[in-house]
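We have chain W already, so just place chain X on it with the hints.
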Amino acid sequence: MAMMTAEAYEESLRKLNLQVYMFGEKIENVVDNPIIRPSMNAVAKTYELAHSPEHEDLMTATSHITGKKINRFTHIHQNVSDLVKKSKMGRLLGRETGCCFQRCVGMDTLNAISIVTYNIDGKHGTTYYPRFLKYLEYIQENDLMVDGAMTDPKGHRGLSPHQQPDPDAFLRVVEEREDGIVVRGAKAHQTGAVNSHEIVAMPTLSMSKEDADYAVSFALPSDAEGITYIMGRQSCDTRKLEGGSMDQGNILFGGHEALVVFDDVFVPWERVFMCREYDFAGQLVETFAAYHRQSYACKVGVGDVLIGAAQTAAEYNGADKASHIRDKIVEMNHLNETLYCGCIACASEGHKEPSGTYCVNILLANVHKHNVTRFPFELSRLAQDIAGGLMVTLPSEKDLHAPETGKWIRKYFQANPDVPTENRMRILRLIENLTLGTAAVGYLTESMHGAGSPQAQRIMISRRVNLAEKQKAAKKLCGIAE
Amino acid sequence: MKPRIRIKYCGGCNPKYDRVALVEEMKVRLSGTVEWASSDIASCDLVVAVHGCETACADLTAFDGYEIHPITCPEDLAPFVERLCLKG
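Just so you know, the sequences run in chain order W and X.
Start counting the first sequence at 1; every next residue gets the next number (this note's numbering).
Start counting the second sequence at 1; every next residue gets the next number (this note's numbering).
Honestly, the hints are just simulated from the structure, not real lab data.
Idealized CB from N, CA, C, for every residue including glycine.
Check the hints yourself; a few may be wrong.
Unchecked claim - Some but not every residue of chain W turned toward chain X, in silico, with C-beta under 8 Å: (1) M59; (2) K88; (3) M89; (4) R91; (5) E404.
What the hints assert, rightly or not - Derived EDC-like pairs: lysine to aspartate or glutamate, alpha-carbon spacing no greater than 16 Å straight-line: (6) K69(W) x D59(X); (7) K328(W) x D385(W); (8) K16(X) x D385(W); (9) K69(W) x E141(W).
Okay, chain W solo, but in the shape it has when bound (with noise of 0.2 Å):
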């Protein structure tokens, strides 16, 4: 099969039969749900910009299972420049969705399974690897969408996965049989889990031999029977219920998140690629976030759209020319710039793993999340101060399209005379939506905890960079001799 277009792509959806609850309800038609539809479409772009010859060059890779040519997307990172031109993908659907677009995860988790499997088989004498390459094979030729899921409940967090009170606050084997395991658990925060043909579940943390249950990772349809996704919900998502084109930001695209319940689901062994190697699962974590703290890479996109849409208010406002405003969009692009920075450096500075599989370097991508961590936060606040008050205190679209208060909305909210109030309201929108509706979580909270909380880089760092060196630069400058 080739690789997908946008339109199959979302033929391939109605055909799922996924179990979605959302407001206390079962959604029957998942894809054309105006909460969800917009994450749908961001997905879509994935696919509809493969087959752009603008586009294709980011877009496609060569499978090195097949030769063929495929959605970079399903794509197993072959050199220094796979890893580079993710990168500059993530930006340019970023840029083209001013959302989270929900693809990376899917793969960031087959390029860290590409690697651990091969690593527990040398170690173990499994076969996992040749089983995932099989089954990567199938996600390449049918250009799937995977939702990598990582990130367990994990119940009370001082307490490891086998001392929990409820043993289900992580995703666990309940029982091995000769045809395959059960699972049961959870998986919190599932980015577009319902816009996902797979899901490729992996452990969250490092396990212990006490933990071994829970080291499991495996994959399954996404309609396979006892998952059950509940929709998590976003700030002023209901915008999207109101019609109308304004008010809701950006009008075409969004993200979303799920929580993913396992309830006893089988997994055939041909789907299972960790059981109970409880040695591996630290290193499947820390490899999976390595690549997703690269996979940030989309932040600078969004940026790209936050800084446009705050240079234009400022145009709409008649105050770009100010020397104030001047420098704050100077110093957006300044923050937005050193992003790029990170995740074009973490993917140069990459290297070649045993199973040939090539990785960022893990210091550089974990500075580079870390600053992610930060800096759409500044990025949001400039935007917000360019904007000016009235991005949170404009009525509505149906104010302004009311014949009683759209003539006073027109009159008092024009600002430009060469500009129609209408535009400054969407632009202002728009810069709502990024930084505090519904795109705000993709931009700032995602950017806080996505891939993982600050904290989490923060050790790896500390774990990363060598001291030892530096302090013997250090003293040999100096004239200290030990």
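Chain X alone, transformed into the frame defined by chain W:
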């Protein structure tokens, strides 16, 4: 005989100009002078690599042995058009 030209874009991660608009303008200005090759690289005489910036990172490995003309900014268009028109 008119030369057959194949366009190869970079991926467009952060282009400094509108690459597609530039190619459209190129096609207008070279109308009647050249032929445009599709993705069949075996039948082109010249590859125009349209890069969005001076990093010029378009993957050209599939075009080994072909004459490649890089474009990295809008200012590169006029001399390229002039060169082809002079040849024609």
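Ascending list of hint numbers which this structure does not respect | 5, 8
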